[in-house]
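Chemist: In case you want the letters, here they are:
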Amino acid sequence: MPIVTALVAGLLFGLGLIVSGMADPSKVLGFLDLAGAWDPSLAFVMAGAIAVGLGAFAVAKRRRTSLIGLDMQLPASTTVDRRLVGGSLLFGIGWGIAGLCPGPGLVALGMGQPKAAVFVLAMLAGMGIFELLERK
Amino acid sequence: MNIAWNAITPYASLAGGAVIGLAASLLVLFNGRIAGISGVLGGLLKPRTGDVGWRLAFVGGLVAAPAAYALFAAVPAPHVSASWGAIALAGLLVGVGTRYGSGCTSGHGVCGLSRLSPRSLVATLTFMAAGFATVLVVRHALVL
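For the record, the sequence lines run as chains B and L.
Read the first sequence against my numbering and you will find it ends at 197, with the numbers running on by one and no gaps.
Read the second sequence against my numbering and you will find it ends at 145, with the numbers running on by one and no gaps.
The following block holds chain L by itself, in its conformation from the complex:
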């Protein structure tokens, strides 16, 4: 295995991860909810009385985060290499897949593993394996 020593950001990633863990901790301790982005979003598509406000606030916070970050430092630009069509296909797969799988990187990966859920461990290992396999095919076997 070839490690990208020039790209790895252990301290920033550990610190950012801790902030993500803090955010998930706040949401479960105060709202009694799992900070799973796909679950929070999905719940907005079948709105129930009294269950919409916190979802919109959480999603709004995520979208507003770059503006908040910009108050302190320049926001690093995201690099999206996939084509428009590939992005649309990816979005569809992520939308359908996270709802059938009951979670994504945040709900299963962060919250589920933090609460030691075997279901979330299986889900996390599954989507990681599928992600590894997909990048292997896309980057090394064919050109999308």
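One chain only, chain B, in its complex shape:
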């Protein structure tokens, strides 16, 4: 059952990215390019996603188990530290260079875009570097 719900969630997430236009890096870069012809569409995507998510996460926060009895695993940390800010800075720079973040990278890979394959491989390598540096 958890496999099925995760598959459906992943599929819907990907469909949402395609419908919203966010699987196209040029559209994302249009949002990030404040000095050019600015395309605010990404803000509409965030608004739509958060409007739906607010209710679900309000319910999730009050539960100890999921609807199918799994542990509710929400992040517990509330501290803002250098890792959070530094990591987010690096991510934002990479995002601005390619117009790709992890979700759209995987969806564009599914579209058969060769550069998305390079992006995903490099991203996995980056995550592997993190594991090597942090695995104690």
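Simulated from the structure, these hints should not be mistaken for laboratory data.
Any given hint could turn out to be false.
Per label pair, the in silico range of CB-to-CB distance [to be verified]:
#1 B/123 to L/2: 39 to 49 Å
#2 L/57 to B/186: 16 to 26 Å
#3 B/147 to L/52: 23 to 33 Å
#4 L/53 to B/98: 40 to 50 Å
#5 L/57 to B/144: 24 to 34 Å
#6 L/8 to B/124: 38 to 48 Å
#7 L/52 to B/144: 19 to 29 Å
#8 L/71 to B/120: 31 to 41 Å
#9 B/141 to L/69: 36 to 46 Å
#10 B/65 to L/4: 35 to 45 Å
As the structure is a prediction and not an experimental result, all values here were calculated from the model.
Don't be surprised by glycine CBs; every beta carbon is placed ideally from N, CA and C.
Let chain B serve as the given structure and place chain L on it in line with the hints.
Modeler: For chain L alone, coordinates are given in the frame of chain B:
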């Protein structure tokens, strides 16, 4: 500020965003997990028993989404303007950065803001600012 009125897609983006919100809602309500793509992927690099299947299924769903979309309509082609080297550098930065920052656009931006996490608000504002600054430099100050 110069708004690209010919490019903006308010209804499709709002609707697509709502579907993304629905997907994140399903994953947290049924699996008890945050739909953060970088976190789901990262967890596969240090696999733990019983914690692999749902991750692979979620990632598989994302990769299969274009094939599912193609059943109903032609899939819009993604336009990647960055060079191969720039793409590889971007991927590395995104991989390292999202793991140190504990999340990306989905985990912090969608899920974190939906659960009103101050940490995610800081992360989202940080990577957005870095993204704006990077595009400003790449597009308007130098040619990569």
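Chemist: Each hint should be assessed against the structure and marked as holding or not.
Modeler: A quick look at each hint next to the structure:
no., hint, result
1, B/123 to L/2: 39 to 49 Å, "41 Å, holds"
2, L/57 to B/186: 16 to 26 Å, "19 Å, holds"
3, B/147 to L/52: 23 to 33 Å, "27 Å, holds"
4, L/53 to B/98: 40 to 50 Å, "44 Å, holds"
5, L/57 to B/144: 24 to 34 Å, "27 Å, holds"
6, L/8 to B/124: 38 to 48 Å, "41 Å, holds"
7, L/52 to B/144: 19 to 29 Å, "23 Å, holds"
8, L/71 to B/120: 31 to 41 Å, "34 Å, holds"
9, B/141 to L/69: 36 to 46 Å, "38 Å, holds"
10, B/65 to L/4: 35 to 45 Å, "42 Å, holds"
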